[in-house]
Amino acid sequence: NKIGRFSVSAVSFREYTISTPNSKPAGIAIDQKNNVWFTMADANKIGMLEPQAGKITEYNILTPTANPFDIAVDSKGNIWFTELSANKLGMYSPEMKRFDEAVVPTTSSVPLGLAIDKYDRIWFTENRGNKIGLFDPASAVFKEHDIPTIQSQPIGITISLSGDIWFVEAEREANKIGFKRRGEQFRVNNPDKSTANGDAGRELEIRVGEILAEKKNLGLITDFVRHEPHSIEDLEGKDFTVTFQDQTVSF
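Everything in the sequence shown is counted per my numbering, starting at 745 for the first residue and increasing by one.
Please note that the accuracy of each hint is not assured.
Straight-line distance between alpha carbons at most 25 Å, and here's what the computed DSS-like set of lysine-lysine pairs gives [what the hints assert, rightly or not]: (1) K841 <-> K768; (2) K841 <-> K789; (3) K820 <-> K862; (4) K841 <-> K820; (5) K799 <-> K789; (6) K799 <-> K820; (7) K799 <-> K841; (8) K862 <-> K799; (9) K799 <-> K777; (10) K777 <-> K746; (11) K768 <-> K789; (12) K777 <-> K789; (13) K862 <-> K777; (14) K789 <-> K820; (15) K746 <-> K799; (16) K768 <-> K799; (17) K820 <-> K887; (18) K862 <-> K841; (19) K746 <-> K768; (20) K777 <-> K841; (21) K887 <-> K862; (22) K777 <-> K820.
Computed spacing ranges between beta-carbons, pair by pair [what the hints assert, rightly or not]: (23) V885 <-> P795: 13 to 21 Å; (24) N804 <-> K777: 19 to 27 Å; (25) E917 <-> K820: 17 to 25 Å; (26) L878 <-> R842: 19 to 27 Å; (27) Q895 <-> T764: 21 to 29 Å; (28) K841 <-> S819: 14 to 22 Å; (29) Q796 <-> P849: 38 to 46 Å; (30) P795 <-> Q895: 36 to 44 Å; (31) Q776 <-> K887: 25 to 33 Å; (32) A884 <-> Q776: 21 to 29 Å; (33) N778 <-> I894: 39 to 47 Å; (34) D775 <-> A754: 20 to 28 Å; (35) E915 <-> N766: 35 to 43 Å; (36) A797 <-> E917: 45 to 53 Å.
Because the hints were derived from the structure by calculation, they are not lab data. For glycine and all other residues, C-beta sits at the position ideal for the given N, C-alpha and C.
Using the sequences plus the hints, can you model the full thing?
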């Protein structure tokens, strides 16, 4: 029930005890002032650690038993987090000292992983909804994208420097990394593999251990790929071309 810090220069650890017992800290993120924000899944709170002072401040989430999980900070310093049990995205503004919440359109979708793009749009995985969600705070509009593999149980998600979306499909039979190029749409999960409205958008799913990431973005993927870490090392210094449903993508 602590927040840990490792100093590379001093090669030493430091730990900060969370006041609320058995809080089950989960997601963690750092804001522009180097404050450390984290979710407390079983305490229904988010916390902020000021590392220099060693002070932790805790904030109660609006919805009871929301079960906060992942967390991230946008360019304005707003704190975003997923609420598994409440089926919501939560936001806390340190400047205004106010919480806001947005309900995910798909019922019982179980929002898990969360990432923020350069436009401050919120991308998140819907573990039971089998979708990738997108929330634009500027318009307060959700968009949801079906994942082609059914019941894939998406979890972690990240965004590359070029704006591509990567996510893990954790279900044992799926066992894939999902990929969406910037500006393209997801392929809809139709039996005939056709796309909705003739859209030329694509979804690329890659078996774990084959291609895990674009070579230049390997570091972004290692945070949430835990199935075969040696496969990441195997890719270093190599180039790949993958053909998927008549689409060729170079890595």
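List of violated hint numbers, smallest to largest: 8, 23, 25, 27 and 35
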